[in-house]
Amino acid sequence: MIDVNPQDYDIVLKIKDENDIAVSRQMVKSFAQKHNFSLADVTKITTTVSELARNIYRYAKEGYIYVRKKETGADKAVSIEILACDRGPGIENVELAVVGGYTTVERSLGLGLSGIRRLMDSFNIKSEVGKGTVVAVEKRRRGF
Amino acid sequence: MKTKVVPTIKLYDYLIAPIQIELDDATVEKLQMQLLNEINEKNIRGVVLDVSMVDVIDSYISFVLSETAGMAKAMGCHTVICGIQPQVALTLAQMGVKLKDIFTASSLEDAMDILNRLD
Numbered sequence: 001m002i003d004v005n006p007q008d009y010d011i012v013l014k015i016k017d018e019n020d021i022a023v024s025r026q027m028v029k030s031f032a033q034k035h036n037f038s039l040a041d042v043t044k045i046t047t048t049v050s051e052l053a054r055n056i057y058r059y060a061k062e063g064y065i066y067v068r069k070k071e072t073g074a075d076k077a078v079s080i081e082i083l084a085c086d087r088g089p090g091i092e093n094v095e096l097a098v099v100g101g102y103t104t105v106e107r108s109l110g111l112g113l114s115g116i117r118r119l120m121d122s123f124n125i126k127s128e129v130g131k132g133t134v135v136a137v138e139k140r141r142r143g144f
Numbered sequence: 145m146k147t148k149v150v151p152t153i154k155l156y157d158y159l160i161a162p163i164q165i166e167l168d169d170a171t172v173e174k175l176q177m178q179l180l181n182e183i184n185e186k187n188i189r190g191v192v193l194d195v196s197m198v199d200v201i202d203s204y205i206s207f208v209l210s211e212t213a214g215m216a217k218a219m220g221c222h223t224v225i226c227g228i229q230p231q232v233a234l235t236l237a238q239m240g241v242k243l244k245d246i247f248t249a250s251s252l253e254d255a256m257d258i259l260n261r262l263d
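Residue numbers (our numbering), protein chains in the order written: chain A, 1 to 144; chain B, 145 to 263.
One or more of the hints may lead you astray.
Listed next, the stretches of chain B that the computed footprint assigns to chain A, with coverage defined by at least 3 CB atoms under 8 Å from CB atoms of chain A [as the list claims (entries may be wrong)]:
no.	region
1	187 to 199
2	231 to 237
Facing chain A, according to a computed beta carbon distance under 8 Å, are these residues of chain B, among others [what the hints assert, rightly or not]:
no.	residue
3	D202
4	S203
5	Y204
6	F207
7	G240
8	L243
These are computed hints drawn from the structure, not numbers from a lab. From a predicted model like this one, the values you see are computed outputs, not experimental measurements. Where is the CB? At the ideal position from N, CA and C, for every residue including glycine.
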């Protein structure tokens, strides 16, 4: 789907079993804490990764999550960028998938992607049926 | 197989479950089975889930907790969740997650009051 150079990222997580969801959650939580994100934002970032990792595990069986700290602009505004990539079945109707309450499986609220979109500052998704899905999100660090 | 993932305290007809472990998918599913078994075996009429130590609740965990409460309700048992941390509440509300079939309380005392009032 897209070319990712793992060396550009601070954390690379391979998701292939259920336990990797919890592991990725913990890794990203300490990464966000280390970079002085507020408690609320650490929770939002951690929850986002939990949702992304579960989506990979559930729908694509395996994939990767890449995380890095970014500094942009003259004031070097800090943000965390998260990229979730898989070569799974892809999403047929992306617009529907990012609307709250839509799900294709049982035992799901259908609030994963729509929730992430609300929790993060930027949200991008690219998906092709039969090829895979890439979700890119970013959260800026706030002063409080 | 009966595996206990969370220690519970039986108090009168109530069951108190302080959740002091990280809730991952497998754990929350085991917790569901454990609670339903205990409700059945100990004739529990109210369950209190204390999540004050839990720092991440995502959409699937909320779903399973609500589902458990729904199942407990079918068995004649009310479920109260207490001690949701502010940043967890913020995250859940922003995601649009609603806890169905479940009562919420700020503290354990509050949760016990709710259960007492329901009887």
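Okay, the hints, checked on the actual structure:
For the region 187 to 199 of chain B, the proposed coverage by chain A is not satisfied: 1 residues have a C-beta within less than 8 Å of a C-beta in that chain, short of the threshold of three. For a cut-off of 8 Å, the count of residues in the region 231 to 237 of chain B with a CB near a CB of chain A stands at 4, and the three-residue condition holds. Interface restraint check: B:D202 against chain A, minimum CB-CB distance 4 Å, threshold 8 Å, status holds. Annotation: B:S203 was flagged as interfacial toward chain A, and the flag holds, the nearest CB pair being 5 Å apart, inside 8 Å.
For B:Y204, the shortest C-beta to C-beta distance to chain A is roughly 6 Å, which falls under 8 Å, so the interface hint holds. With 8 Å as the threshold, the beta carbon of B:F207 comes within range of chain A, its nearest partner Cβ sitting at about 5 Å, so the hint holds. A cut of 8 Å between beta carbons decides the hint on B:G240: the least distance to chain A is about 5 Å, and the hint holds. For B:L243, the suggested interface contact is broken, since its CB lies about 11 Å from the closest CB of chain A, more than 8 Å.
In the structure shown, a violation is registered for the earlier hints numbered 1 and 8, in ascending order.
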